[in-house]
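One point on numbering: in the working numbering, the residue at position 11 of the sequence shown is 6, and numbering is uninterrupted.
Hints listed in this document are in silico derivations from the structure and should not be mistaken for laboratory results.
In this text, all values refer to a predicted model and were calculated from it rather than measured experimentally.
Check each hint, because a few of them may be wrong.
Claimed, not checked - Below, a list of computed lysine-lysine pairs in the DSS-like style, where the Cα atoms sit at most 27 Å apart:
#1 K15 - K47
#2 K75 - K113
#3 K15 - K59
#4 K47 - K71
#5 K101 - K113
#6 K72 - K15
#7 K59 - K47
#8 K59 - K71
To be verified - Here are the in silico distance ranges between beta carbons for each label pair:
#9 M60 - A37: 12 to 20 Å
#10 Q33 - I67: 23 to 31 Å
#11 I9 - E80: 48 to 56 Å
#12 L83 - Q22: 22 to 30 Å
#13 E76 - Q33: 34 to 42 Å
#14 P61 - A128: 37 to 45 Å
#15 V111 - T63: 13 to 21 Å
#16 D25 - A98: 15 to 23 Å
Glycine is no exception: its CB is placed at the ideal position from the N, C-alpha and C atoms.
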Amino acid sequence: MRKWASDSKPKTKIFSLISKDLSILAQFQDGFIQGEAQTFAAFLAETPANLKTPTIISQLITSKMPDTVECISRDKKWIKEKKMELFLSVNQGSVEPPVFLEAHYKGSDGPLIVLVGKGITFDSGGISIKPSALMSEMK
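Please model the entire structure based on the sequences and the hints provided.
Below you can see the structure in the form of structure tokens.
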């Protein structure tokens, strides 16, 4: 993750988990993954918009994916070919190019799950009707 000039150098911590109960290890691993995800979400929320453009966010997410996930970053040309006009309309007010990121899980043969989400680095939609006192909370 990106570091700020004010960040202090992180200290290396060593942690050992010793148990005969393997379920404890699985619980620890789940908690670790959830903690990493929460930390990454907080990082994205606190990062200034000029340091989290669609391209940068795509690169950050791609770099965090395990080998079982294939990420495909689609550019503006691809988005136009797919006639994703509403997607492009959000991007019209930006000098940054849009990115459509696909993540394909290549793990188990279990049931297919499709997740759809959006990431907008700064959405000023409806800015004229939002109370000015709450503008500082927009992220």
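Going down the list of hints, with the structure as the test:
Proximity of K15 to K47 is assessed by CA-CA distance (about 44 Å); at most 27 Å being required, the pair is judged violated. Restraint check for K75 and K113: the C-alpha separation of about 17 Å stays at or below 27 Å, so the hint holds. With a C-alpha separation of about 31 Å, the suggested pair K15 and K59 falls outside the 27 Å cut-off, and the hint is violated. In summary, the hint linking K47 to K71 is supported, as the alpha carbons are separated by about 18 Å, within the 27 Å threshold.
At most 27 Å may separate the alpha-carbon atoms for a hinted pair to count; K101 and K113 meet this at roughly 22 Å. Simply put, K72 and K15 have alpha-carbon atoms about 55 Å apart, too far for the 27 Å limit, and the pair is violated. Using a Cα cut-off of 27 Å, the hinted pair K59 and K47 holds, with the two alpha carbons roughly 15 Å apart. Pair hint K59 plus K71 holds up; C-alpha atoms about 23 Å apart against a cutoff of 27 Å.
A hinted range of 12 to 20 Å for the beta carbons of M60 and A37 is consistent with their spacing of about 19 Å. Between Q33 and I67 the C-beta distance comes to about 26 Å, which sits within the given range of 23 to 31 Å. About 53 Å separates the C-beta atoms of I9 and E80, a value consistent with the hinted range of 48 to 56 Å. Range check, L83 to Q22: Cβ separation about 44 Å, and the 22 to 30 Å hint is violated.
For E76 and Q33, the hinted distance range of 34 to 42 Å is satisfied, since their beta carbons lie about 36 Å from each other. As the Cβ distance of P61 to A128 is approximately 43 Å, the hint placing it in 37 to 45 Å holds. As the Cβ distance of V111 to T63 is approximately 20 Å, the hint placing it in 13 to 21 Å holds. For the pair D25 and A98, the beta carbons lie near 20 Å from each other, so the given range of 15 to 23 Å is met.
Checked against the numbered hints listed earlier, the structure breaks hints 1, 3, 6, 12; every other hint is satisfied.
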